[in-house]
Amino acid sequence: MSTFRGESELPTLIYTGAEAEIYLQEWFGELAIRKQRIPKSYRVPVLDDNIRHLRTSHEATMLREARKLGVAVPTVQHIDQDSSSLIMDYIRGRTLKMELHVAPKSERRARCRALGELVAIMHSGGIVHGDITLSNVISQGGKLFIIDFGLGGFSKEVEAMGVDLLLLNRSIRSTHYVFHTELFKSFIEGYSGVVGTRSAAEVVGKMREVERRGRYFERG
Amino acid sequence: MGLESTAHTFGASVVDDSGQIFSDIRDVYTSVAGSGIHPREAAEHHGEVAARVLRESLKNARISAPDLNGVAIALGPGLGPCLRVGATVARSLSSYLRIPLIPVNHAIGHIEIGILTTGTTDPLVVLVSGGHTAIAAFSGGRWRIFGETEDITIGNLFDMFAREINLPSPAGPQIEMLAQNASRFIPLPYVVKGNDVSYSGLLTASLAKLRSGEKLEDVCYSMQEVSCSMLAEAVERSLAYTGKKEILLTGGVAANKSLQDKLEKVAAIHNAVCYTVKSPFTGDNGAQIAWTGVLSFNAGLVVRVEDSHVRPRWRLEDVDIPWRK
Numbered sequence: 232m233s234t235f236r237g238e239s240e241l242p243t244l245i246y247t248g249a250e251a252e253i254y255l256q257e258w259f260g261e262l263a264i265r266k267q268r269i270p271k272s273y274r275v276p277v278l279d280d281n282i283r284h285l286r287t288s289h290e291a292t293m294l295r296e297a298r299k300l301g302v303a304v305p306t307v308q309h310i311d312q313d314s315s316s317l318i319m320d321y322i323r324g325r326t327l328k329m330e331l332h333v334a335p336k337s338e339r340r341a342r343c344r345a346l347g348e349l350v351a352i353m354h355s356g357g358i359v360h361g362d363i364t365l366s367n368v369i370s371q372g373g374k375l376f377i378i379d380f381g382l383g384g385f386s387k388e389v390e391a392m393g394v395d396l397l398l399l400n401r402s403i404r405s406t407h408y409v410f411h412t413e414l415f416k417s418f419i420e421g422y423s424g425v426v427g428t429r430s431a432a433e434v435v436g437k438m439r440e441v442e443r444r445g446r447y448f449e450r451g
Numbered sequence: 029m030g031l032e033s034t035a036h037t038f039g040a041s042v043v044d045d046s047g048q049i050f051s052d053i054r055d056v057y058t059s060v061a062g063s064g065i066h067p068r069e070a071a072e073h074h075g076e077v078a079a080r081v082l083r084e085s086l087k088n089a090r091i092s093a094p095d096l097n098g099v100a101i102a103l104g105p106g107l108g109p110c111l112r113v114g115a116t117v118a119r120s121l122s123s124y125l126r127i128p129l130i131p132v133n134h135a136i137g138h139i140e141i142g143i144l145t146t147g148t149t150d151p152l153v154v155l156v157s158g159g160h161t162a163i164a165a166f167s168g169g170r171w172r173i174f175g176e177t178e179d180i181t182i183g184n185l186f187d188m189f190a191r192e193i194n195l196p197s198p199a200g201p202q203i204e205m206l207a208q209n210a211s212r213f214i215p216l217p218y219v220v221k222g223n224d225v226s227y228s229g230l231l232t233a234s235l236a237k238l239r240s241g242e243k244l245e246d247v248c249y250s251m252q253e254v255s256c257s258m259l260a261e262a263v264e265r266s267l268a269y270t271g272k273k274e275i276l277l278t279g280g281v282a283a284n285k286s287l288q289d290k291l292e293k294v295a296a297i298h299n300a301v302c303y304t305v306k307s308p309f310t311g312d313n314g315a316q317i318a319w320t321g322v323l324s325f326n327a328g329l330v331v332r333v334e335d336s337h338v339r340p341r342w343r344l345e346d347v348d349i350p351w352r353k
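Residue numbers (the numbering used here), protein chains in the order written: chain G, 232 to 451; chain U, 29 to 353.
None of these hints come from the bench; they were simulated from the model.
Even glycine gets a Cβ: it sits at the ideal position worked out from N, Cα and C.
Worth double-checking, as some hints may not be accurate.
What the hints assert, rightly or not - If the Cβ cut is set under 10 Å, some of the chain U residues that face chain G in the computed set are:
1. Ser167
2. Val220
3. Asp224
4. Asp246
5. Ser250
6. Glu253
7. Ser266
8. Arg341
9. Trp351
Stated by the list, open to error - Pairs of lysine-lysine residues, derived as DSS-like cross-links and limited to a Cα-Cα distance of at most 30 Å, are as follows:
10. G:Lys416 - G:Lys437
11. G:Lys336 - U:Lys293
12. G:Lys328 - U:Lys273
13. G:Lys328 - U:Lys293
To be verified - Restraint ranges, calculated between C-beta atoms of paired labels, are given here:
14. U:Asn194 - G:Leu300: 49 to 55 Å
15. U:Pro350 - G:Thr412: 19 to 25 Å
16. G:Thr306 - U:Lys306: 48 to 54 Å
17. G:Leu262 - U:Lys353: 25 to 31 Å
18. U:Glu192 - G:Arg325: 46 to 52 Å
19. U:Gln288 - G:Val277: 20 to 26 Å
20. G:Glu252 - U:Gln208: 55 to 61 Å
21. U:Lys273 - G:Gln312: 30 to 36 Å
22. G:Gln312 - U:Val301: 32 to 38 Å
23. U:Lys273 - G:Thr306: 31 to 37 Å
24. G:Gly373 - U:Asn299: 31 to 37 Å
25. U:Val301 - G:Arg439: 32 to 38 Å
26. U:Arg352 - G:Arg295: 44 to 50 Å
Put together the whole structure using the sequences plus the hints.
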């Protein structure tokens, strides 16, 4: 997000993600983020339109519900279905993926513990994120915001929670493999602190089961 | 020499240190229409063709057995009975000729033959076959999985669908052909979870559409369209996450033109380039094992005959890759 220099350049494209372009723009005098889901040439148009529209309105719903549970998320200001766009508050900070690369050990662990608590709060409240990676958590000096709820959903099923943990676990393992064990342990500590050790163990067990289902998992 | 016998193919190939492939002989077991690969029948097939495939492989390479410097064997992952046939042949060669036995992971073989035939250097690998649907990138001495299927593989999806319509496995090419004559797109469940995909619901829904009277061609087209789009989206996510500039499509389903086309589009969006493993090395083959064997052997990896157990569920992310940095 370093390309932004002044408001004269607004709106400006600050990030191109896998499914959306993120613009920084002005919204009634405040800096805001526009997340615009772009058409994908690799999908047939009828399928593509359907997916973009559903995810846009769905993401707004999920953000609102997560906020109700007390999880810090960007506030949605406006939904523009003509361009499959959401206008949201701009969160100043850096991704947890970046922060974990540079943070000292105690901070690394504290962040993962805090993230564990947030994910547990969502799960207890019946929300699964569906795409929880270290890139989808923004740290604002240690305060964690969760973003990108486009693949989220309402579920009380252990399976869906297990998938959340699997995605996060793999995200840590793939980019922070040196600290992987320590970071995931801290995450689980935070998670257990909210839901209790027995529920946490159940979700972790499901995570391992889903991972095994991905075929060719070597046992023992 | 490398031997492949993890699933439906028995293959033997001779390669040298420079990656030149001197022979690539295979014999593929085809299931009877309407049923999948039967592990024992496939193993029997391998046992029957092994001697001939070996002989032809040596003959095509214009060498005789004592000229071999080592024998590489795919010890997994795959179907137990099939793996044991290849392993038995490889152990015999190793003992009789007194040459080193080199253990190779079949999935790593798909990746290495892909890299060898495309000249990629640091790709995001998309490994698609009957046994795998995985997205991986190299880092810290191993291939790390960024996304994969949470239930059945894309190859399974095609084969299990094919079984219901009385086609033999592997059925990808027939389904692709049927899809070309489709006239409309039928909406089917599209399930992407992060960088993962899930195909079991798509299989059920596709079969239900077929039973409800939809045209076979339309169902094949829609199932192929949805399954490949889902994977393309998962690949796009992984590409954005890793920032890689090359995609390497490898494995049996890499031959699917619709999938190639979609991944090329994904690559173009992110200023990357998509490479597909060169034909005929999409499907299982001995060359992928032989070449990975060369790389392994040069890195000092060999196994004693008595320790050369087959590993039906050997995960590619558990394999140390000392020859890559």
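Hint by hint, here is what the structure shows:
no. : hint                            : in the structure
1   : Ser167                          : holds (7 Å)
2   : Val220                          : holds (7 Å)
3   : Asp224                          : holds (7 Å)
4   : Asp246                          : violated (12 Å)
5   : Ser250                          : holds (9 Å)
6   : Glu253                          : holds (6 Å)
7   : Ser266                          : holds (8 Å)
8   : Arg341                          : holds (5 Å)
9   : Trp351                          : violated (19 Å)
10  : G:Lys416 - G:Lys437             : holds (16 Å)
11  : G:Lys336 - U:Lys293             : violated (41 Å)
12  : G:Lys328 - U:Lys273             : holds (20 Å)
13  : G:Lys328 - U:Lys293             : holds (27 Å)
14  : U:Asn194 - G:Leu300: 49 to 55 Å : holds (51 Å)
15  : U:Pro350 - G:Thr412: 19 to 25 Å : holds (22 Å)
16  : G:Thr306 - U:Lys306: 48 to 54 Å : holds (51 Å)
17  : G:Leu262 - U:Lys353: 25 to 31 Å : violated (43 Å)
18  : U:Glu192 - G:Arg325: 46 to 52 Å : holds (50 Å)
19  : U:Gln288 - G:Val277: 20 to 26 Å : holds (22 Å)
20  : G:Glu252 - U:Gln208: 55 to 61 Å : violated (34 Å)
21  : U:Lys273 - G:Gln312: 30 to 36 Å : holds (34 Å)
22  : G:Gln312 - U:Val301: 32 to 38 Å : holds (34 Å)
23  : U:Lys273 - G:Thr306: 31 to 37 Å : holds (36 Å)
24  : G:Gly373 - U:Asn299: 31 to 37 Å : holds (34 Å)
25  : U:Val301 - G:Arg439: 32 to 38 Å : holds (36 Å)
26  : U:Arg352 - G:Arg295: 44 to 50 Å : holds (46 Å)
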